[in-house]
Amino acid sequence: MKPVHRVAIILALALPFAGCKGAGPDVTPRGGAAALPPGHRAGEAERALGVYLALRNLVYEDSPIEQQVASLQEIEADRKQTGPDAPFWKAAYRLQQAGDHAGARAQLHAILALPDTGSRTTLRAWRALRDLGEQPAPQVAQQVLGVVFEIITEKGQDHFFFTAAAFAKDSPRYFASNGEGIIGEPLSEEVESLGKNLLAVATPFVSRFKPERDHKLPQRGELLRFALLTPAGVLAAERSLDEVEQDGLGPFALAGDRLIAGLLAEIDRRRAGRDVL
Numbered sequence: 016m017k018p019v020h021r022v023a024i025i026l027a028l029a030l031p032f033a034g035c036k037g038a039g040p041d042v043t044p045r046g047g048a049a050a051l052p053p054g055h056r057a058g059e060a061e062r063a064l065g066v067y068l069a070l071r072n073l074v075y076e077d078s079p080i081e082q083q084v085a086s087l088q089e090i091e092a093d094r095k096q097t098g099p100d101a102p103f104w105k106a107a108y109r110l111q112q113a114g115d116h117a118g119a120r121a122q123l124h125a126i127l128a129l130p131d132t133g134s135r136t137t138l139r140a141w142r143a144l145r146d147l148g149e150q151p152a153p154q155v156a157q158q159v160l161g162v163v164f165e166i167i168t169e170k171g172q173d174h175f176f177f178t179a180a181a182f183a184k185d186s187p188r189y190f191a192s193n194g195e196g197i198i199g200e201p202l203s204e205e206v207e208s209l210g211k212n213l214l215a216v217a218t219p220f221v222s223r224f225k226p227e228r229d230h231k232l233p234q235r236g237e238l239l240r241f242a243l244l245t246p247a248g249v250l251a252a253e254r255s256l257d258e259v260e261q262d263g264l265g266p267f268a269l270a271g272d273r274l275i276a277g278l279l280a281e282i283d284r285r286r287a288g289r290d291v292l
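For what it's worth, the working numbering labels the leading residue of the sequence shown as 16, then goes sequentially.
A hint or two may mislead.
[What the hints assert, rightly or not] Straight line, CA to CA, 27 Å or less: simulated DSS-like cross-link-like pairs of lysine-lysine:
hint, residue 1, residue 2
1, Lys231, Lys184
2, Lys184, Lys225
3, Lys231, Lys211
4, Lys225, Lys211
5, Lys211, Lys184
6, Lys95, Lys105
7, Lys184, Lys95
8, Lys231, Lys170
9, Lys105, Lys184
Treat the hints as calculated values from the structure; they're not laboratory data.
Take these sequences, add in the hints, and give me the full structure.
Listed below in structure tokens is the structure:
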């Protein structure tokens, strides 16, 4: 099979986990730190976890403007091409640092006005605008541009973390704490459809979740995390597996579960076809 142009990047730094199936998440790992063979170096698992935490932090698209500009500078240092929004980010940051908040906001609105601006870029721009004192209008604030669904489970003394994200205008992402994941575009039509389904199922919960600025992973028990990414910020909830159905979150969990299963199948297909960067 010929390589796909701009194929999604598969991350594989340790052993893979099981997929999710059935009416609710099957959170039993098929591999990972708790199931590593004798002699497997702990440092490799720690490195995989570090990659996961870094990628997870990005998927919420809730970082300050200085982090966005630093990322652009790293891309340019590698002599890679940046997008059409790059000059506006730099100008906004420069004006912010000079104390010209009105000028910085104008540059950020120019990003939002660019044709084909993705959901992730829109979320970053609104985070920067909020930091500059501007809040979105109510009809904009309630727009769900992204969804993050996370499974936190444990086996013995070890915790396992699974994160899937879907966006209105961008392809889904998936990361696990063993370092496995998939990012980039294009993904299969099936996976893209599962991502849009998760977004549709999750959107009605926008009035039920609470604002969240700190997206730390819980370190206790078996939980599901649900997060809605809006121009007004992140709205989130955490529930135990028993509480999910009681609180009416079953359809949300099932849609997230199906997306993870689809993304894991995508990883397996791409490995088999060697469509990997």
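Structure-based check of each hint:
| no. | hint | result |
| --- | --- | --- |
| 1 | Lys231 x Lys184 | holds (26 Å) |
| 2 | Lys184 x Lys225 | holds (24 Å) |
| 3 | Lys231 x Lys211 | holds (25 Å) |
| 4 | Lys225 x Lys211 | holds (23 Å) |
| 5 | Lys211 x Lys184 | holds (9 Å) |
| 6 | Lys95 x Lys105 | holds (16 Å) |
| 7 | Lys184 x Lys95 | holds (23 Å) |
| 8 | Lys231 x Lys170 | holds (20 Å) |
| 9 | Lys105 x Lys184 | holds (24 Å) |
Checked against the numbered hints given earlier, this structure breaks none of them.
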